[in-house]
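Sequence lines, in order, name chains A and B. Following my numbering, the numbering of the first sequence begins with 1 at its first residue and continues without gaps. Following my numbering, the numbering of the second sequence begins with 1 at its first residue and continues without gaps.
FYI, nobody ran anything at the bench for these hints, they're computed from the structure. The reader is advised that the hints may include incorrect statements.
As the list claims (entries may be wrong) - One-sided and incomplete, this derived list gives chain B residues near chain A with beta-carbon spacing under 7 Å:
hint: 1; residue: R46
hint: 2; residue: L48
hint: 3; residue: D49
hint: 4; residue: G50
hint: 5; residue: A107
hint: 6; residue: W108
hint: 7; residue: I155
hint: 8; residue: A184
Note that beta-carbon positions come from the ideal geometry of N, C-alpha and C, so glycine has one too.
Given next are the chains, with one letter for each unit.
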Amino acid sequence: MKTDDLIGLLSNHVTRVDRGAVARRFARALLLGALGSLIVMSVVFGVRHDLGSVARTGIFWAKLAYPLAIAIGALLAVMRLGRPGARAGYSWALIALPFVAVWGASLFVLDGAAPGERLPLVLGHTWRTCPFNILLLSVPTFPAVFWAVKSLAPTQPRLAGAVAGLLASSIATIVYCLHCPEMSPAFWSVWYAIGMLMPAAIGAWVGEKLLRW
Amino acid sequence: MTTMDDERAIVAADRVRGPLSRRLVNRGTVVVVEDAESRLKTLFVRGLDGDADAYRGFLQALTRHLRGFLRRRIPQYRDDVEDLVQEVLLAVHNARHTYRPDEPLTAWLHAIARYKLMDFFRSRARRESLNDPLDDYAELLADTDDEPAHARHDIGKLLEHLPDKQRLPIVHMKLEGLSVTETARLTGLSESAVKVGVHRGLKALATLIRRLP
Numbered sequence: 001m002k003t004d005d006l007i008g009l010l011s012n013h014v015t016r017v018d019r020g021a022v023a024r025r026f027a028r029a030l031l032l033g034a035l036g037s038l039i040v041m042s043v044v045f046g047v048r049h050d051l052g053s054v055a056r057t058g059i060f061w062a063k064l065a066y067p068l069a070i071a072i073g074a075l076l077a078v079m080r081l082g083r084p085g086a087r088a089g090y091s092w093a094l095i096a097l098p099f100v101a102v103w104g105a106s107l108f109v110l111d112g113a114a115p116g117e118r119l120p121l122v123l124g125h126t127w128r129t130c131p132f133n134i135l136l137l138s139v140p141t142f143p144a145v146f147w148a149v150k151s152l153a154p155t156q157p158r159l160a161g162a163v164a165g166l167l168a169s170s171i172a173t174i175v176y177c178l179h180c181p182e183m184s185p186a187f188w189s190v191w192y193a194i195g196m197l198m199p200a201a202i203g204a205w206v207g208e209k210l211l212r213w
Numbered sequence: 001m002t003t004m005d006d007e008r009a010i011v012a013a014d015r016v017r018g019p020l021s022r023r024l025v026n027r028g029t030v031v032v033v034e035d036a037e038s039r040l041k042t043l044f045v046r047g048l049d050g051d052a053d054a055y056r057g058f059l060q061a062l063t064r065h066l067r068g069f070l071r072r073r074i075p076q077y078r079d080d081v082e083d084l085v086q087e088v089l090l091a092v093h094n095a096r097h098t099y100r101p102d103e104p105l106t107a108w109l110h111a112i113a114r115y116k117l118m119d120f121f122r123s124r125a126r127r128e129s130l131n132d133p134l135d136d137y138a139e140l141l142a143d144t145d146d147e148p149a150h151a152r153h154d155i156g157k158l159l160e161h162l163p164d165k166q167r168l169p170i171v172h173m174k175l176e177g178l179s180v181t182e183t184a185r186l187t188g189l190s191e192s193a194v195k196v197g198v199h200r201g202l203k204a205l206a207t208l209i210r211r212l213p
C-alpha cells in the first residue's frame, strides 16, 4: 500500500475524537478495580470490627490519606506519561510527598518512644503479612489500571508500567486500611511502602511488554 | 559555540517550541517553523473534530516532514524510511486522542516519531544479531536506484489478517468510502460496532506491523 493510500484510509470518514473517553475509561477501571479489591478484602480478611469507633479518630483518616495521596499523584503522573511529549512534572512531588510525610511522622514517633519500644512499633503485629496482603488486594486493581493505561500512548512503557503498578497498589492499600489494625506511622512507613512498591516493580517489569503500542 | 552549547541550545529550543522548530531555529528562520507548527495544528485540531479534508491535509504535510526527518536520521536504512513513515502515521492516528491542544503539536509528534524510531532500532539490532553479516554488503550494492521510495510491508495485505468485524468496516468505510449507515447495512453490524471495528482494526494493524520481521 502506498503512503498516499494509507493517508486516504486513515482520513476517509474520520470520526470526531471523543475527548472524555479516556477519563471515563479511567473512572470505570478504578471503580471496578477498587470494588474487586473490596470484595477480596471482605472475603479473605474481613473489615475490622472496631471500624465504627476507629473512624472517629484522626489517626485513621491520616492513615487513609497516605495511600489516597499517592493514588492521586500516581493517577496524574500516569495520565501524563501516557501522552507523548508530556512531562510528569509536579505529579512526582505529589507521589513523593506522602512517603516523606509518613517517614517524617515515623521518625517523630520513634524519637519519642523508649528504646525498647521502637522495634515493636515498626514491626507491629502483622509485618510478616502486610505487604503480601496489599499485593493480594492489588490483583483486581492491577489489570484494571493497565487496561485503562493501554488506552493512552506511553512512550516510556517501563516507567508508565511502574506508576500504573503504584496506582493499582495504592488503591488496594486504601481498601486494606479498612481491615488493617496497625495504627502507627512507624509501621506504615515500612510495610505499607513495601506493599505498594512491590506491584510498582512488577508494573515496571511487565510494562515494557504490556504497554507497547 | 561549542557542541555542548549547541546541544543545550537545542534542548532549550525543544522545550519552548518543540523539536520540529529546532532545525529551523538553527538556520535562523524561526518564522517558517512557527508557521509549520500553527498550520499543522490548525489542520490537526480540525481533524480531531471530524473534518476529513483537514485531517488528510495534516497527514500529507506530516508525511513530508517525516520523510525528511527519517532520511536524515537513518540515512543508512533508506529502504526502511517509507515503512517507518507509514508506521508513524498509523501510530499518530491511533494516539490522536492523547493530544491536548494546550501543548505544542510538534513536541507530541516528535515523541511519537522518536518512540517508533527507537522501536525500529531495537528490532533492527535483534535482527542483525541473528543475521549473516554478509547482508551488509548486499545492502550496500543494492542501494543504486533513485526510485521513489516505496514501503516494503503492504498494509493492504496486512488488512487480510484482521477478523471480519474489523476488516469489513475498514474496507467499506475507509477504502470504498461508504458511510457508517451503509457499512452497517452491508455487514449486518450495528453502527457503533462499525465504528468500534474501524478503531480496533487500525490498532490491530499497528500491532501487526510491529511484529513483522
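### Query
Would the hint on I155 of chain B stand, with a C-beta cut-off of 7 Å toward chain A?
Status holds, d = 4 Å.
#### Entry: Hint validity - R46 of chain B Cβ closer than 7 Å to any chain A Cβ
violated (10 Å)
### Message
Just to be careful: measuring from the Cβ of W108 of chain B to every Cβ in chain A, is the smallest value less than 7 Å?
### Response
holds (4 Å)
### Query
Regarding the hint that D49 of chain B lies at the interface with chain A, is the smallest CB-CB distance below 7 Å?
holds (6 Å)
### Message
Does G50 of chain B hold up as a contact with chain A if the rule is Cβ-Cβ below 7 Å?
### Response
holds (4 Å)
#### Entry: Interface hint status, A107 of chain B versus chain A (Cβ within 7 Å)
holds (4 Å)
### Query
Against chain A, with CB atoms and a cut of 7 Å, does the hint on A184 of chain B hold up?
A184 of chain B check fails; min Cβ-Cβ to chain A is 13 Å, beyond 7 Å.
#### Entry: Restraint outcome when L48 of chain B is required to lie within 7 Å of chain A by C-beta distance
holds (5 Å)
Hint violations for this structure: numbers 1 and 8, all remaining hints satisfied.
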